[in-house]
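Trainee: Residues per chain are reported as follows:
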Amino acid sequence: MATSAALPNSEARNHFANVARFIPGVLLLAVIGFAGKVLEQSINGYAKAHHLVIPNVEYVLWAIAIGLLIANTVTIPRIFLPGIATYEFWLKAGIVLLGARFVVADVLKLGGISIALVVLEISGSLILMTLLGRLFNLKPKLTSLLAVGSAVCGVSAIIAAKGAIDADDEDSSFAIAAILALGAIALVTFPLIGHALHMSDNAYGLWSGLAVDNTAEATAAGALYSDVAGKVAVLAKTTRNATIGFVVLGYAIYWASRGQAEKVKNKGAFLWNRFPKFVLGFLVISLLVSVHVFNKEQVGALANLSRWAFLLTFAGVGLRTNFREMSKQGVRPFIVGAVGEVLIAGLTLGLVVAANAIWKL
Amino acid sequence: MSEENKIATEATRLGLSLDVWAVITAFLLALLVRVGVLKHVPW
Numbered sequence: 001m002a003t004s005a006a007l008p009n010s011e012a013r014n015h016f017a018n019v020a021r022f023i024p025g026v027l028l029l030a031v032i033g034f035a036g037k038v039l040e041q042s043i044n045g046y047a048k049a050h051h052l053v054i055p056n057v058e059y060v061l062w063a064i065a066i067g068l069l070i071a072n073t074v075t076i077p078r079i080f081l082p083g084i085a086t087y088e089f090w091l092k093a094g095i096v097l098l099g100a101r102f103v104v105a106d107v108l109k110l111g112g113i114s115i116a117l118v119v120l121e122i123s124g125s126l127i128l129m130t131l132l133g134r135l136f137n138l139k140p141k142l143t144s145l146l147a148v149g150s151a152v153c154g155v156s157a158i159i160a161a162k163g164a165i166d167a168d169d170e171d172s173s174f175a176i177a178a179i180l181a182l183g184a185i186a187l188v189t190f191p192l193i194g195h196a197l198h199m200s201d202n203a204y205g206l207w208s209g210l211a212v213d214n215t216a217e218a219t220a221a222g223a224l225y226s227d228v229a230g231k232v233a234v235l236a237k238t239t240r241n242a243t244i245g246f247v248v249l250g251y252a253i254y255w256a257s258r259g260q261a262e263k264v265k266n267k268g269a270f271l272w273n274r275f276p277k278f279v280l281g282f283l284v285i286s287l288l289v290s291v292h293v294f295n296k297e298q299v300g301a302l303a304n305l306s307r308w309a310f311l312l313t314f315a316g317v318g319l320r321t322n323f324r325e326m327s328k329q330g331v332r333p334f335i336v337g338a339v340g341e342v343l344i345a346g347l348t349l350g351l352v353v354a355a356n357a358i359w360k361l
Numbered sequence: 001m002s003e004e005n006k007i008a009t010e011a012t013r014l015g016l017s018l019d020v021w022a023v024i025t026a027f028l029l030a031l032l033v034r035v036g037v038l039k040h041v042p043w
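In the order they appear, the protein sequences are chains A and B.
Going by the numbering used here, 181 is the number at position 181 of the first sequence; the sequence numbering is gapless.
Going by the numbering used here, 21 is the number at position 21 of the second sequence; the sequence numbering is gapless.
No lab work stands behind these hints, which were simulated from the structure alone.
Hints may be right or wrong, so weigh each one.
Listed below are the simulated DSS-like cross-link pairs for lysine-lysine, each with C-alpha atoms no more than 27 Å apart in a straight line [as the list claims (entries may be wrong)]:
1) 39/B / 48/A
2) 296/A / 39/B
3) 139/A / 296/A
4) 277/A / 263/A
5) 267/A / 277/A
6) 277/A / 265/A
Using the sequences plus the hints, can you model the full thing?
Mentor: See below:
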């Protein structure tokens with residue numbers, strides 16, 4: 001009796017301990033994100049009170065910068081690590097809730113344009129990265145990982161492809177480090193280029209969603225430009241993410257045909273397992289808002305919940321970017337990634353400019 | 001294994017992927033907003 005009564009208690013304790021270990025890191029994300037918001041408001045308030053003209057530095061940049069500063073100057077205690085790693089969970093929950101800011105008509109219009117551009121972007125990126133990998137004599141599977149990472153959705157795509165093509169851990173670490181380092185650079189360069197070219201919010205958002213590889217960085221790069229650019233960036237990036245299964249399946253079949261990966265037995269299950277479910281969640285919320293399941297105040301509340309989720313994500317982007325660790329991965333994959341990303345950024349910028357001329361984004 | 005991978009693996013062990021947990025959390029929050037438990041979310 002005593003044993004059977006003790007078991008549920010011990011299970012409950014384990015469950016509580018499992019959840020509790022995330023709390024310090026999530027609190028750290030919240031504190032950093034909130035500090036970013038307070039800094040933006042305080043500096044703007046100070047400038048206004050003293051009639052100073054200071055460029056507005058968004059909370060997004062502050063949150064990332066504080067995170068970067070911490071990650072690259074001190075060793076983050078282990079107790080915070082599980083909670084910090086939840087930033088991707090908050091990103092996905094935030095994207096689903098962001099559906100509240102799109103009625104279905106917006107999704108169809110911008111999403112339709114995104115699909116057309118995404119097809120061109122993915123084809124161009126895969127070809128470019130494959131050629132560059134050969135030119136720089138990278139290992140073929142590392143080239144495949146870099147191609148998938150830069151064409152589709154950064155780290156998630158690399159992890160999905162790694163399993164499907166039986167790539168080495170070392171190759172995937174190289175590819176992930178290159179994609180993350182380049183994402184960090186995009187956070188600084190993209191808004192500057194966007195402002196220099198006087199891009200509209202929609203055009204810039206579409207560009208960052210198409211060109212920046214990792215979803216968190218694409219979201220941040222968009223939000224750094226403007227709120228509208230941020231939401232358009234998420235839509236374009238989400239469209240890219242939706243193709244992950246098809247691209248990874250293509251590579252799995254290619255490597256299996258060369259006898260260097262397992263054969264894909266059930267293609268339907270393969271595609272469904274790799275399909276990012278948060279894309280469906282985003283569409284469901286958008287549909288519910290379009291048929292007025294939520295009133296105006298409720299839509300505002302959902303949009304704000306999405307902003308809070310992204311705030312935690314942006315703090316996490318800074319905290320997990322450790323340049324010292326990245327530099328240990330070697331320079332060649334980084335050079336291939338950098339050259340490829342510059343070319344992809346140019347290609348996608350051309351696509352967005354052309355789309356803007358046709359559809360007036 | 002990185003912390004991100006550990007969390008993804010752990011989420012999958014509970015029967016659902018991290019993606020699905022994120023969707024469930026977002027839907028629950030939306031439900032709380034819809035039924036009026038979360039009336040005003042400041043920003």
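Trainee: Each of the hints needs a verdict: does it hold here or not?
Mentor: Against the structure, the hints come out as follows:
no. : hint          : in the structure
1   : 39/B / 48/A   : violated (32 Å)
2   : 296/A / 39/B  : holds (12 Å)
3   : 139/A / 296/A : violated (54 Å)
4   : 277/A / 263/A : holds (24 Å)
5   : 267/A / 277/A : holds (17 Å)
6   : 277/A / 265/A : holds (22 Å)
Hint violations for this structure: numbers 1 and 3, all remaining hints satisfied.
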